[in-house]
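Chemist: Given next are the chains, with one letter for each unit.
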Amino acid sequence: MNYQVNIGLEVHVELSTKTKLFCGCSTQFGAPPNTQICPVCLGLPGVLPVINKKAVKFTIITALALNCQISKFCRFSRKNYYYPDLPKNYQISQYEEPLAKNGYLEIILNKRKKRIGIERVHLEEDAGKLVHGTNPEDIKFSFVDYNRCGIPLMEIVSCPDISSPEEAYIYLIELRKILRYLKVSDCNMEEGSLRCDANISLTLPGEKMGTKTELKNMNSFKEIKDGLSAEIERQSHLLNKGEKIIQETRLWDPKKKKTISMRGKEEAQDYRYFPEPDLLPLEISKEWENNLRLSLPELPQQKYRRFIQEYGLPEYDAGVITNSQEIADYFEKCVKYYHHPKIVSNWIMGEILRLLKEENISIEKIKVSPEKMGELLKEIEKGVISRNLAKDILSKMFKTGKSASQIIKEDGSQQLSDEKKLKKLVDEVIKENPEAIESIRKGKKKAVGFLIGEVMKKTKGKANPRLVNNLLKEELEENL
Amino acid sequence: MKKEIDLTQVRYIAHLSRLELSPEEEEKFTEQLAKILSYVNKLREVNTENVPPTFHVLPLKNIFRDDKLNLSLSQEEALSNAPKHKYKQFQVPRIIG
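Protein chains in written order, with numbering that gives the first Met the number 0: chain D, 0 to 479; chain H, 0 to 96.
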């Protein structure tokens with residue numbers, strides 16, 4: 000049967016503040032265990048949490064970028080549960096009064112726009128990290144590192160408007176792009192700074208929404224897509240047989256490629272939320288909200304549209320270039336020095352992105368300044384170097400930070416356009432390859448390319464290919 | 000007067016709080032909790048029709064701190080109260096298989 004799929008995503012994002020949400024402990028990833036904790040984040044008796052202003056600011060900025068209404072008044076609540084990842088036995092979170100609600104995120108799927116509702120954006124503290132013992136003597140134990148405990152965590156809850164795993168994937172890509180543009184989080188899934196749970200239910204057209212399951216333990220965007228697909232398949236299989244869906248939490252098993260019921264946790268959750276008495280309420284003034292709204296950077300979709308209009312880039316190019324704000328900035332600076340946006344975008348999408356990936360560095364650390372990049376492209380246009388040679392020169396520029404002209408001078412890699420010299424080489428090549436000439440005589444045009452290649456070899460790639468081509472054709476016509 | 004709390008509720012709350020109560024304690028706490036609740040219920044007699052709910056006893060709001068580093072505990076201090084620790088981490092009974 001054809002079910003309508005309803006997916007809602009809960010995304011948790013660790014905010015990139017220097018310190019924790021309620022104390023001055025560092026949030027740096029990778030520190031030795033239990034070295035970034037204090038009485039406040041351990042919840043020792045008598046301590047008082049005080050909220051980090053930057054975390055509140057980051058949450059409001061995000062909420063504004065997601066078109067949410069900012070609450071004029073909000074407060075924190077205690078979510079009570081007993082699990083060793085929380086030393087206080089409660090998590091400071093928000094319940095009835097989140098910082099923001101009722102927004103949306105626009106995604107583009109198969110060239111069609113769709114709005115995914117954002118139910119709420121709120122702020123809470125992260126929990127510690129549990130590692131379960133693997134050594135034989137440790138098998139009955141778990142070990143807790145509380146460094147992560149108290150790091151500001153922003154929760155973004157979508158409405159169940161997402162209707163396929165592909166849509167969920169695009170939603171996440173778009174959301175991550177926005178968060179990175181806003182510089183509120185590095186969104187690094189390996190380091191756990193972005194995590195995602197999903198709610199899924201299937202509905203027959205015209206009926207009320209089916210029973211949902213909650214899906215956890217998906218550790219990459221691809222796993223989220225795969226996990227959702229597997230869960231949709233499982234639910235529709237059950238429904239087709241006339242069976243009922245049990246409301247439960249399920250875990251994605253990436254090895255078995257299926258979702259597994261999280262047994263033992265089936266008792267109804269009862270968090271007994273109550274207002275956090277140690278924290279004072281927040282009142283977000285219109286003035287603060289407006290100032291933050293004005294401080295919002297150009298967002299990915301606005302930039303994408305502008306790049307198409309202003310620079311005449313194809314949609315594909317605009318998409319790749321605006322994927323990261325830093326790449327987009329680099330592009331715009333390069334265009335200032337070389338006024339052919341499409342050529343600049345080709346070089347960035349091809350060579351620059353490849354070199355960055357190979358050397359595993361970020362664009363902010365690139366040694367090729369936009370000015371030097373512009374100079375290189377001008378040298379190609381002037382015919383001083385061929386495009387292929389320019390690629391070699393660019394990788395040298397990438398490693399050394401030298402300018403194109405400097406490298407050309409040092410390597411003597413100027414393009415060879417001296418007709419006399421080239422003619423001599425062409426004659427040599429023709430003499431040395433009688434079989435090729437024979438093939439050409441028999442009508443095999445491919446051998447011409449082979450001869451051009453031979454001339455290029457003799458000049459170590461410096462020969463002007465167009466000139467070689469012309470010279471070779473002339474010679475062959477005389478000879479054949 | 001209607002009974003405010005019964006044995007089932009006491010057992011449920013004890014379970015949520017991970018407390019193991021003896022049958023005697025369960026009886027005793029049911030009675031005590033009921034008394035406490037009925038005492039607090041006295042508040043219901045007050046007319047609060049025109050009183051806005053109190054969110055906090057202090058008339059303060061928007062108390063922030065700047066995103067500035069403060070000293071954390073040393074690793075030794077942090078672990079010093081742990082009944083058990085190993086690998087510089089707190090050691091607890093294993094929860095999930």
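In case anyone wonders, no lab produced these hints; they're calculated from the structure.
Predicted model only: the values in this text are computed from it and were never measured.
Treat the hints with care, as some may be off.
[Said to hold, decoys possible] Quick list of the computed label-pair ranges, beta carbon to beta carbon: (1) Ser361(D) to Val50(H): 37 to 45 Å; (2) Leu42(H) to Arg305(D): 55 to 63 Å; (3) Asn322(D) to Leu36(H): 25 to 33 Å; (4) Glu190(D) to Lys60(H): 48 to 56 Å.
[Claimed, not checked] Only part of the chain H face toward chain D is listed, based on derived beta-carbon distances under 7 Å: (5) Leu18; (6) Tyr38; (7) Arg43; (8) Val50; (9) His55; (10) Lys60; (11) Leu72; (12) Ala77; (13) Phe89; (14) Val91.
C-beta atoms are modelled at their ideal positions from N, C-alpha and C, and glycine is treated no differently.
Chemist: Each of the hints needs a verdict: does it hold here or not?
Modeler: Hints and how they fare:
| no. | hint | result |
| --- | --- | --- |
| 1 | Ser361(D) to Val50(H): 37 to 45 Å | violated (57 Å) |
| 2 | Leu42(H) to Arg305(D): 55 to 63 Å | holds (60 Å) |
| 3 | Asn322(D) to Leu36(H): 25 to 33 Å | violated (58 Å) |
| 4 | Glu190(D) to Lys60(H): 48 to 56 Å | violated (34 Å) |
| 5 | Leu18 | violated (10 Å) |
| 6 | Tyr38 | violated (19 Å) |
| 7 | Arg43 | violated (18 Å) |
| 8 | Val50 | violated (17 Å) |
| 9 | His55 | holds (6 Å) |
| 10 | Lys60 | holds (5 Å) |
| 11 | Leu72 | holds (6 Å) |
| 12 | Ala77 | holds (5 Å) |
| 13 | Phe89 | holds (4 Å) |
| 14 | Val91 | holds (4 Å) |
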